[in-house]
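Asks: Line order of the protein sequences matches chains A and B. The first sequence runs 1 to 278 under full-length UniProt numbering. The second sequence runs 1 to 253 under full-length UniProt numbering.
What follows is a list of derived Cβ distance ranges for each label pair:
1. B:Leu145 with A:Ser258: 54 to 64 Å
2. A:Arg83 with B:Ile180: 41 to 51 Å
3. A:Asp27 with B:Ser138: 45 to 55 Å
4. B:Thr3 with A:Phe276: 40 to 50 Å
5. B:Ser138 with A:Gln104: 56 to 66 Å
6. A:Ser210 with B:Thr33: 20 to 30 Å
7. A:Asp158 with B:Glu158: 53 to 63 Å
8. A:Arg56 with B:Ala53: 25 to 35 Å
Selected chain B positions facing chain A (in silico; Cβ < 8 Å):
9. Leu4
10. Phe8
11. Phe11
12. Phe35
13. Tyr39
14. Gly196
Rather than coming from a laboratory, the hints here were simulated on the basis of the structure. Cβ atoms here follow ideal geometry from the backbone N, Cα and C, with glycine treated the same way.
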Amino acid sequence: MSLLPLKGLAGINLKPQHYDEALNLIDSSYWFEFHTENFFVGGGPRLDYLQQVAQRFPISLHGVGASLGNVFDNFSEHLREVRKLVKQFNPALVSEHATWSAHQESYFADLLPLPKTDQALQQLCDGIDRYQNAIERPILIENPSNYLDFVSELDEPDFLMEAVKRTGCGLLVDVNNLYISHRNCGLNIQDYFSRIDPSVVGEIHIAGFSQDEQFADALLIDSHGAAVDDQVWHYLSLSLKHFGPVPVLLERDDNIPSFNELRSERDIAQALLNSFRT
Amino acid sequence: MDTLADYFDSFSLYLKTGSDTHIRKFLEGNRNTQFMSIYRNGFLKSCLSALKANFPSVVNLLGENYFTQIAKKYIVDFPPRQATLVGYGDTFVTFLAKMEPDLPYLKDFALLDLTWLASLNSEESKVWDLLKVNDMISQEVDLSLVPVSLVSSAYLIEVDYDLLDMWLLLKKEKRLNEAIRLSQEKQHIMLWRCSGEIRARVLKKLDLVLLEHLEEGANLEEVTLQALQIEKNFDISDYFSELLQNRLLTLVS
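Excised from the complex, chain A in its bound form:
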């Protein structure tokens, strides 16, 4: 599979309140992302809408619950659900996270950090292998937002590139997560970019962040609840320069504005992509 099926195009993660407006769009350059686990249902209007959107636009299935770094008791059942969706809707992209979310029988509904150790890397690779085998295609894995530094033997870009090398997956570079990690933990974004092989980057995410209620700007949170910050736009531009015009996805999961407002933000990303087209 080519890692760039949506090369040069910007999309939006689609929320239920915008389904009807999306279906009325005339501009066919759009693509839409859906959170995979929201469609683990037998039937009903959710699946009907997904079907309608997928018939008109390319879609991406973005998993938030597989816990690839620490697979859980129901992982096989989880993979069966993902496989069913991938077979039914044939998404242009399938992605997940280089994180963990579950332990034994408990699911924590968050993208939790892995220690960057050889042991954790191997466990993550095992999870990616099982996921890719189940759906019979490669996936993209996304870099996490960092709030604290946990014990590590590898830096994050080396950790991710090693996972790519061992499993054949690609990378989804979330620029907002990088900016948050930069502000919270001092991560050097330009150095990070330079250590990622551009040929493995299949998608870029952008989003808005917020400040923690208690710690204010000492702790930025990956809330997806605000407009994209100027600094994130800046780093998106740098990332496109480095990785080329890979698909860009605008994420918004909280304080959701009108569809037109999201379209305006998405169009900024599209204009940036256009300027980097070769």
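Once you've looked at the hints, dock chain B against the given chain A.
Replies: Quick look at chain B alone, frame taken from chain A:
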């Protein structure tokens, strides 16, 4: 470092209890360890948001603040067991019954919320509609002997209070203009999905008997015999027609 399993155990313990004693040894640098709270807050916030979405009538009945207090205790005691929050809260009904003995009707509202959600997201059934019926009649099939069942979105439930009307209001309204008046009187209710929307209705004794038989895959002749024991003048044709119109029947293959 300690084993990876120790890391996950320690982190999980922190998320569930807020105790950072064990996870601290995995932290590096001089960052404020209080920042760990972001992970616990994230876990609680996501689960709370799912419970609010899944139990709207309970939220409106209790108010946001009190619901949040109860829900947080539930989340810690019963974190999700599946990596999706779509149906999270399957044990919330019994939890509420234990937590709030002074509000004995609360579990019934929660059961209706949960059943509404299950019906909305249930598998599609091949509906036995008028077109198919006419087709079978033209092929001289004896309809009374055809085994049928209820569609998979049809749920029959029993509640202890006569609360369907109140639930329908509370599901949509954050505040009621009238005081809550409920009688402790058992209600049997059916919820089902029809053209993408959930319908609900109170069942009379006759309805309940017939629908329970249909749920088990009886044919119309067997259903009629059951009905005649309750109501001498029962007419299956009207009843059958209503079931078809409401897209409630599916053929048992």
